[in-house]
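Each chain, letter by letter, is given below.
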Amino acid sequence: MAMKRAAACAVKAAAVAAPSSLLFSRNLHTSPGSKKIVGVFYKANEYAEKNPNFVGSVERALGIREWLESKGHQYIVTDDKEGPDCELEKHIPDLHVLITTPFHPAYVTRDRIKRAKNLELLLTAGIGSDHVDLKAAVEAKLTVAEITGSNTVSVAEDELMRVLILVRNFVPGYQQVINGEWNVSAISYRSYDLEGKTVGTVGAGRIGRLLLQRLKPFNCNLLYHDRARIDPELESQLGATFEEDLDKMLPKCDVVVINMPLTEKTRGLFNKEKIAKLKKGVLIVNNARGAIMDTQALVDACSSGHVAGYSGDVWNPQPAPKDHPWRYMPNHAMTPHISGTTIDGQLRYAAGVKDMLDRYFKGEDFPQQNYIVKEGVLAPQYR
Amino acid sequence: MAMKRVAASVLRGLQNSAASRGLAGSSLMTRKLHASSGSKKIVGVFYKANEYASENPNFVGCVERALGIREWLESQGHKYIVTDDKDGPDCELEKHIEDLHVLITTPFHPAYVTEERIKRAKNLELLLTAGIGSDHIDLKAAAERGLTVAEVTGSNTVSVAEDELMRILILVRNFLPGYHQVISGEWNVAAIAYRAYDLEGKTIGTVGAGRIGRLLLQRLKPFNCNLLYHDRIRMSPDLESQTGATFEEDLDKMLPKCDIVVINTPLTEKTRGMFNKEKIAKMKKGVLIVNNARGAIMDTQAVVDACSSGHIAGYGGDVWYPQPAPKDHPWRYMPNHAMTPHISGTTIDAQLRYAAGVKDMLDRYFKGENFPQEYYIVKEGELASQYR
Chain R
1 MAMKRAAACA
11 VKAAAVAAPS
21 SLLFSRNLHT
31 SPGSKKIVGV
41 FYKANEYAEK
51 NPNFVGSVER
61 ALGIREWLES
71 KGHQYIVTDD
81 KEGPDCELEK
91 HIPDLHVLIT
101 TPFHPAYVTR
111 DRIKRAKNLE
121 LLLTAGIGSD
131 HVDLKAAVEA
141 KLTVAEITGS
151 NTVSVAEDEL
161 MRVLILVRNF
171 VPGYQQVING
181 EWNVSAISYR
191 SYDLEGKTVG
201 TVGAGRIGRL
211 LLQRLKPFNC
221 NLLYHDRARI
231 DPELESQLGA
241 TFEEDLDKML
251 PKCDVVVINM
261 PLTEKTRGLF
271 NKEKIAKLKK
281 GVLIVNNARG
291 AIMDTQALVD
301 ACSSGHVAGY
311 SGDVWNPQPA
321 PKDHPWRYMP
331 NHAMTPHISG
341 TTIDGQLRYA
351 AGVKDMLDRY
361 FKGEDFPQQN
371 YIVKEGVLAP
381 QYR
Chain C
1001 MAMKRVAASV
1011 LRGLQNSAAS
1021 RGLAGSSLMT
1031 RKLHASSGSK
1041 KIVGVFYKAN
1051 EYASENPNFV
1061 GCVERALGIR
1071 EWLESQGHKY
1081 IVTDDKDGPD
1091 CELEKHIEDL
1101 HVLITTPFHP
1111 AYVTEERIKR
1121 AKNLELLLTA
1131 GIGSDHIDLK
1141 AAAERGLTVA
1151 EVTGSNTVSV
1161 AEDELMRILI
1171 LVRNFLPGYH
1181 QVISGEWNVA
1191 AIAYRAYDLE
1201 GKTIGTVGAG
1211 RIGRLLLQRL
1221 KPFNCNLLYH
1231 DRIRMSPDLE
1241 SQTGATFEED
1251 LDKMLPKCDI
1261 VVINTPLTEK
1271 TRGMFNKEKI
1281 AKMKKGVLIV
1291 NNARGAIMDT
1301 QAVVDACSSG
1311 HIAGYGGDVW
1321 YPQPAPKDHP
1331 WRYMPNHAMT
1341 PHISGTTIDA
1351 QLRYAAGVKD
1361 MLDRYFKGEN
1371 FPQEYYIVKE
1381 GELASQYR
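Protein sequence lines correspond, in order, to chains R and C. Sequential numbering of the first sequence, starting at 1, is according to the numbering used here. Sequential numbering of the second sequence, starting at 1001, is according to the numbering used here.
Bound conformation, chain C alone:
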């Protein structure tokens, strides 16, 4: 495919930078933190590719390709078990809980690392997220156990920001009813145009302006919208002026101003179920919402009700609770949605980046070296700031 060669150059770039970081000094103290020496048992839970595994040499994120690190791990004497079977007491993952040292998980097919599983994982030292967002892990329990939890920060931030902009356009321009007409043999311009709008001039608010939120704002800039952002922390004046976005200290004051709301917060104790019936009611009638953050930030039924009443005119995103979404998840069948399975952060380009990031962190773990600071979600009993 046309894209394969471009994606491969991403990989080479990452390999070069990872190698050049190998000189970060190790300290005796961190050895305890990261690894006791010797052969390790590493388990990875990813999604299965089946017949798609051989369609693309860069498709490293699947079970079959196992992040492309099997040979590297096994040549160092480590054991590497990879599965997609993650749910229930008899699943493949359960068989290895008790003696694994490292568990690699991924948000696109998340292994739910509960307090109970953490308790039974006697050898567990390190939890790595191949991607970003580690809410599928009971972080409190991980902190209490003294585990290290880390993710590949930045590995798919651009991916998700692009995808959010795509979904904004899909909703505001009313793309899907048009697509449905085409494949159904129909032609009815009015049935689409009566509520199709340009993005230009609309008010867009991002709830959260961390890495992804900022990348989104940058991509929105040439569309000449009214850009608002809410976050616990204000951006630097420089960046604010570059993005052209206005800070909104009070979320409840920002929401009613927005034609479009984009969720860009992690799933934490504070954000779980945050967008419930009351919060949704604060938004304009006819608001469009894009959520590529986490499904559980929304109250599932409240979204269904609001889409059905038309208070939400369109809801698009790739995140659900739980994942995989069951066949009868109500978001599949509510009106005016633009949902997909969880894919935005697992493009081929992103897979190459997070696979390289996992490899780099495993390498440091084996050598007793620190990870890049921004990768830590739980370190030495402390939660990263965005999760507190």
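The following block holds chain R by itself, in its conformation from the complex:
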């Protein structure tokens, strides 16, 4: 495919040099010797062979099997993660490292952590480690790390796509075409340009900023809310206005984009009351985490029209069951969890996992921004 060659450049670029190791960090990471590494990813089945760069699947196992086995480690990979009799459960008692991924998340509960007597390291192939009970990981003195930055561009692009899909009313038009219809009015009566609209991002970390950069040429009114203000130079580059008070920002927005991690503070944040603060007819994009929204409150708001459109790729739980109500509510533009697992994203996070395993085996530190739990301390965005 046309893209395959372009994506291959990403592999070469992502190979990162390791800084010098520190003796004291050896304790942190690993006792020497052969390790048992388990990876939980999504299965590709017949799609596994369609693309040599499709490294994120069970079948390709991040492309690190040969490398791991040549070093004498054991590498078990599965997609079977749910329930007491699943494949993952069989390996919990003796695995040293567990690699998980948000696109098919293994829920690493307090109970599983308790039973994982050899567990030292939890790696997220991607970004967002809320599927791990981080408090329990802290108490068990585990290290939790993710591939920070590996798919931030991927997610930001995807958010902009969804903003346009909702504001321009794309999906009803597509459905007309495949149903043999033609009714321009039924689309255009509520189809708008993005230009001139007010777009607010709830959270302006890495992804939020990349989104604001991509929104800039659209000439919108850009607002952002975050615990921390962006430095003045970057703020002026982005052309975005800081909104200290979330509840004051929400009613101003034609479009709201969620760009926060799922934490104790953000779980269920967008409930009935919060949604009511949004303009009638607001459009919402959420590629962050499904559980940030109250599932039923969203269904109700889409049904009443208070939310005129909702789009995202994240659900609670994942995989989303066949009867998840978001599948059937009106005016959605949902997909399964895909935005951060493009081929380009996969190549970057696979390379990042390999790099962190390498450092782990050598007793070296990871890049600082990759830590979610280190030496009993939670990364600030999760506190």
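Please keep in mind that the hints were generated in silico from the structure rather than gathered at the bench. Small disclaimer: the values here were computed from a predicted structure and weren't measured. Wrong hints could be hidden among the right ones.
Said to hold, decoys possible - Covered stretches of chain R (in silico footprint by chain C; criterion: 3 or more residues with CB under 8 Å from a CB of chain C, positions within the stretch not fixed): (1) 43–50; (2) 214–228; (3) 260–266; (4) 332–339; (5) 363–372.
As the list claims (entries may be wrong) - No more than 20 Å apart at the CA atoms, straight line, and that leaves these computed lysine to aspartate or glutamate pairs for DMTMM-like: (6) 362/R - 69/R; (7) 1122/C - 1144/C; (8) 1327/C - 181/R; (9) 1285/C - 49/R; (10) 1221/C - 195/R.
Just so it is clear, CB atoms sit at the ideal spot from N, CA and C, and this is done for glycine as well.
Could you slot chain C onto chain R? The hints should help.
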């Protein structure tokens, strides 16, 4: 809806600027060109809104709202007939061909103004396109008859550029198979991810870098792609460096370089059927194509064949030939498409702009004044440069 208030401010802005232009000097010579004095018969062909007409006060582009100019026209003593019935010898439009002075058409539901219709339209003086793109008119015949043809240049260029970027992302990120899974109760990440890519780092070529092409390039800039453009005319060095796009003098050399090709040319004698089997074969295997320009620039069957073989990995656009597209148009059913009916240039925001532009041109026509120069497609027997 949240957007309605924003769109209304667009309208006020346009009304102000139109009023301030009323002082453009008229000259005796242009009276002949534009209007003999007296009451005129103006016919508009737009799409019908039916139950959607009352859903949005700014929905001016439909038959029912008639660009919002009925009262204004009738208060000046003119006759204004509006219909969506445009095809066939017995349609509503045909009844008025013989005595109408002005015909307003729109690309989203185009009245095909053939040589034959032009011949029978004895009173016809002016053809106005509510939107951009006047290829649904036989421009040669219009020029020979000494008619004026004009469109509302710039009225929906931003609209179309935004829509093109949306479709690029929909194709490269493989959105639609994901959407289908959701509404079908499925979950299979691999079936989407195996051919989902970031736009970053890809090579995008725009065929045509006029108003819309440039607006697209501006919006593509922060995505950090390799941007190429082909056009008859090169951009100024300043603009080239601003957009970060590289000029490709030879289209056939540009095409094989592109992961994504966007069509941004008008439909003219030169571009009709331009993307045929041979041209498509010059593109990379797995290319993605976005066409919000005109359906007839593509060879209909060649696109179907290429999508079916996988040579084209994805085709997205809102333009067809003909329009409305019949129920059995093959593009509806070919694999890997992201098509919609013709909507990109008829967002509420765009409708307000082109309605205001039509009103402004009618006003000048009644007063015997010139239109803004860039609005003319046919003037005094001459075709605008992009159509020659």
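Now the hints, each set against the structure:
Counting residues of the region 43–50 of chain R whose C-beta lies closer than 8 Å to any C-beta of chain C gives 6; at least three are required, and the coverage claim holds. Given as covered by chain C, the region 214–228 of chain R passes the check, having 4 residues with a CB less than 8 Å from a CB of that chain where 3 are the minimum. Counting residues of the region 260–266 of chain R whose CB lies closer than 8 Å to any CB of chain C gives 0, which falls below the minimum of 3, so the coverage claim is violated. Proximity of the region 332–339 of chain R to chain C, defined as three or more residues with a beta carbon under 8 Å from a beta carbon of that chain, is established by the 8 residues found.
Counting residues of the region 363–372 of chain R whose C-beta lies closer than 8 Å to any C-beta of chain C gives 0; at least three are required, and the coverage claim is violated. Taking the CA atoms of residue 362/R and residue 69/R, the gap is about 16 Å. The hint holds against a cut of 20 Å. For a cut-off of 20 Å, the pair hint linking residue 1122/C to residue 1144/C stands: about 14 Å separates their Cα positions. Between residue 1327/C and residue 181/R, the direct Cα distance comes to roughly 6 Å. Compliance with the 20 Å bound is thereby established for this hinted pair.
For the hint pairing residue 1285/C with residue 49/R, the CA-to-CA distance comes to about 18 Å; that is within 20 Å, so the pair holds. With a CA separation close to 16 Å, the supplied pair residue 1221/C and residue 195/R stays within the 20 Å bound.
Of the numbered hints given earlier, the model fails hints 3, 5; all others are met.
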